[in-house]
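Those sequence lines, one after another, are chains S and U.
To convert, take the position in the first sequence, counting from 1, and add 45; that gives the numbering used here.
To convert, take the position in the second sequence, counting from 1, and add 427; that gives the numbering used here.
By construction, these hints were calculated from the structure, which means they are not laboratory data.
Ideal Cβ placement from N, Cα and C applies to all residues, glycine included.
Hints may be right or wrong, so weigh each one.
Listed below are the simulated DSS-like cross-link pairs for lysine-lysine, each with C-alpha atoms no more than 25 Å apart in a straight line [stated by the list, open to error]:
1. S:Lys191 / S:Lys81
2. S:Lys310 / S:Lys294
3. U:Lys531 / S:Lys310
4. S:Lys337 / U:Lys531
5. S:Lys118 / S:Lys191
6. S:Lys437 / U:Lys531
7. S:Lys380 / S:Lys478
8. S:Lys310 / S:Lys478
9. S:Lys180 / S:Lys191
Which stretches of chain U does chain S cover? Using the computed rule of at least three CB atoms under 8 Å from a CB of chain S, they are [what the hints assert, rightly or not]:
10. 468-479
11. 497-508
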Amino acid sequence: MVGSAGLAVIVAGTFAVLLVAMSDLRSSNNAQARSKDVSTATLELERVVNELDVSLRSFVVSGNRHFLADWQKARAALPPAVARLEQHVAAQPEEKSRAIRLAMMTHDYIHDYGVPLIAIYQLRHEAARSPVATKEGLFRIDAIHKQLGTLLAGENNLASARAASAKREATRAVGIGVAELVITAALLVLFSVFLAHGVVRPVRMVAAGASRVAAGDLSTRLPEQGSPELQELTEAFNAMALSLEQGQKALEAQNEQLRQSERLKTELVSIVSHELRTPLASILGYSSLLLKRAFGKDDTRRYLETIHTQGRRLASLVEEFLDVERVEAGRIELKEELVDLRPLLEEEAELISNEAPRHRVHVSVDADSLLIRGDGDRIAQVYSNLLTNAVKYSPDGGVIEVTGTVDGLVGRVQVRDEGVGIADEHQPRIFTKFFRGEARESGFAGTGLGLAVSREIVEAHGGRIGFRSVPGAGSAFWFELPLAPTEDAPVSTPR
Amino acid sequence: MRTATILICDDEPSLRELMRISLRQDYTFAEAADAAEAIELVDAVHPDVVLLDVMMPGGSGLTVLEHVRKNPALKDTRVVVISAFAADRDHLAAHDAGANSFLKKPFDPEELESLVEQLLGPRN
Numbered sequence: 046m047v048g049s050a051g052l053a054v055i056v057a058g059t060f061a062v063l064l065v066a067m068s069d070l071r072s073s074n075n076a077q078a079r080s081k082d083v084s085t086a087t088l089e090l091e092r093v094v095n096e097l098d099v100s101l102r103s104f105v106v107s108g109n110r111h112f113l114a115d116w117q118k119a120r121a122a123l124p125p126a127v128a129r130l131e132q133h134v135a136a137q138p139e140e141k142s143r144a145i146r147l148a149m150m151t152h153d154y155i156h157d158y159g160v161p162l163i164a165i166y167q168l169r170h171e172a173a174r175s176p177v178a179t180k181e182g183l184f185r186i187d188a189i190h191k192q193l194g195t196l197l198a199g200e201n202n203l204a205s206a207r208a209a210s211a212k213r214e215a216t217r218a219v220g221i222g223v224a225e226l227v228i229t230a231a232l233l234v235l236f237s238v239f240l241a242h243g244v245v246r247p248v249r250m251v252a253a254g255a256s257r258v259a260a261g262d263l264s265t266r267l268p269e270q271g272s273p274e275l276q277e278l279t280e281a282f283n284a285m286a287l288s289l290e291q292g293q294k295a296l297e298a299q300n301e302q303l304r305q306s307e308r309l310k311t312e313l314v315s316i317v318s319h320e321l322r323t324p325l326a327s328i329l330g331y332s333s334l335l336l337k338r339a340f341g342k343d344d345t346r347r348y349l350e351t352i353h354t355q356g357r358r359l360a361s362l363v364e365e366f367l368d369v370e371r372v373e374a375g376r377i378e379l380k381e382e383l384v385d386l387r388p389l390l391e392e393e394a395e396l397i398s399n400e401a402p403r404h405r406v407h408v409s410v411d412a413d414s415l416l417i418r419g420d421g422d423r424i425a426q427v428y429s430n431l432l433t434n435a436v437k438y439s440p441d442g443g444v445i446e447v448t449g450t451v452d453g454l455v456g457r458v459q460v461r462d463e464g465v466g467i468a469d470e471h472q473p474r475i476f477t478k479f480f481r482g483e484a485r486e487s488g489f490a491g492t493g494l495g496l497a498v499s500r501e502i503v504e505a506h507g508g509r510i511g512f513r514s515v516p517g518a519g520s521a522f523w524f525e526l527p528l529a530p531t532e533d534a535p536v537s538t539p540r
Numbered sequence: 428m429r430t431a432t433i434l435i436c437d438d439e440p441s442l443r444e445l446m447r448i449s450l451r452q453d454y455t456f457a458e459a460a461d462a463a464e465a466i467e468l469v470d471a472v473h474p475d476v477v478l479l480d481v482m483m484p485g486g487s488g489l490t491v492l493e494h495v496r497k498n499p500a501l502k503d504t505r506v507v508v509i510s511a512f513a514a515d516r517d518h519l520a521a522h523d524a525g526a527n528s529f530l531k532k533p534f535d536p537e538e539l540e541s542l543v544e545q546l547l548g549p550r551n
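Just chain S, same shape as in the assembly:
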């Protein structure tokens, strides 16, 4: 915009300078023409003067009347010749004064010499032909001729000076014209470069960017520079690309979520089927043998007991899966009873000790009782889950340290093992349902539900659950529950 206006101004200036040069040239031509007119008028006057001189002298010498007629004709031609000369030299003061002097000299020649000479001739022929009279005429004519010569020479000088000036002007005009043309051409080239740079290139850049976006590179951004219109264009382009990119990222994130939930589902099916198949293998295997073979009374009873135990395990697994469903739907129903955690901690520890001969479970409670208000069975479920995990994830056995503490208005239970611990990268996700880290690969059975359900139960009681773990050195899981107000009397023992 600014560029094209600038170019217009420059081209207009160029032509203005050219016009001035041409006008100079024209005035120079006018001067030359005037000079020619002055010369013509001077020569005409000279011719008339010669005519006067010749006709006068011829008449005086010959007395022929014919020459007198010529004289009269020349006399009549004199004033217009003088007037024409005066008109042409009017602009030149020096020439003008010469012309005026010429007018006076020719006038004097006619009136002071010519007319009296003719009168003398008619009185006395000889007197008019006397040397004195002749000499006077020649003297006057000579003076006039000199004057005319001076005028003509001056005019010639002037004319040649003007011609030279005109030539210079013409040369200058041609030079200026050529220079202007060169400058204009250069400006046009510059302008096209500017166009290419300022318009064509950015447009190409936008087109290339659009192609990249179309090809799928949504991170394409264009530099926001150049003229305001171009900036507007590139800004709009960048906004479009950004919006496309964000949209695509959102879609990808959704896809990733879907893929993840798909993986989780596959994992869930695998876990559930594994967990159900293990007790089923005992139930079906033993019952099949009992049906087909004969065993002693004791063996039969033992196998039936195994079937029963595994059946119950199956039932509790189903219950566990259902728990998640209930907990997720917020349908977990808690009993409202006064529970002393102290005996609960000891009883569950004893149960697990029987099933884990390689582990030593040690329980210490720093208060006579840990009374809370809530669902004793659910709290036992949480604690049992922590104990089971402690046993499961310390396959080489070791000490499991259970502590019950009163901390102000809160009762705290901690289960610490000396097991494998939890890898740092898995720690943030271990309360996520079905999340098992590397447990499956490491051969640890389980559903990945225990901790997820435990957290729901603890939080439903208004408590908190957490852990510390050092990979390779063991984990300490704890939960805290609000203690029952002191006026609540201990009345019941859970389970």
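Got chain S sorted already, so can you dock chain U onto it with the hints?
Chain U in isolation, oriented as in the chain S frame:
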């Protein structure tokens, strides 16, 4: 003729016993409850057949299988992978690791019995 030795590897005691009583022949039994114990026992007793659970504490049963296949002294040892992971990929993983056979839990005791007899061949 010596009796064949069967190593039963499973972390579930009731399943170990089930496998043992399913096999009525006069075999010598050894039992392992986890992968480390199983590896120790295969080297110690050079079993003729290993009945191998996959999901065991302390490591996958497949590591035991790999151990067996790496040891030239155990080249005649037959391995039956018995897993509650019964998807095709679990079956394939066992096959690739060098298992002779694959049974999924729950298994039929009589099928296990005939499979072991078949693996032991005319020796018995």
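Here is what the structure says about each hint:
Using a Cα cut-off of 25 Å, the hinted pair S:Lys191 and S:Lys81 holds, with the two alpha carbons roughly 20 Å apart. A hinted pair counts as satisfied when its Cα atoms are at most 25 Å apart, and S:Lys310 with S:Lys294 qualifies at roughly 24 Å. For the hint linking U:Lys531 to S:Lys310, the alpha-carbon distance of about 21 Å falls within 25 Å, and the restraint holds. The hinted pair formed by S:Lys337 and U:Lys531 meets the criterion: a straight-line CA distance of about 21 Å does not exceed 25 Å.
For the hint pairing S:Lys118 with S:Lys191, the CA-to-CA distance comes to about 23 Å; that is within 25 Å, so the pair holds. Distance restraint check for S:Lys437 and U:Lys531: the Cα-Cα separation of roughly 23 Å lies within the 25 Å cut-off, and the hinted pair is therefore satisfied. Pair hint S:Lys380 plus S:Lys478 holds up; C-alpha atoms about 24 Å apart against a cutoff of 25 Å. Proposed proximity of S:Lys310 and S:Lys478 is supported: the alpha carbons are some 11 Å apart, at most 25 Å.
Between S:Lys180 and S:Lys191 the alpha-carbon distance is near 16 Å, which keeps this suggested pair within the 25 Å criterion. Residue count for the region 468-479 of chain U with a Cβ under 8 Å from a Cβ of chain S: 0. That is fewer than the three needed, and the coverage hint is violated. Check on the region 497-508 of chain U: 0 of its residues sit with their Cβ under 8 Å from a Cβ of chain S, so the three-residue criterion for coverage is violated.
Violated hints, in rising order: 10, 11; the structure is consistent with all others.
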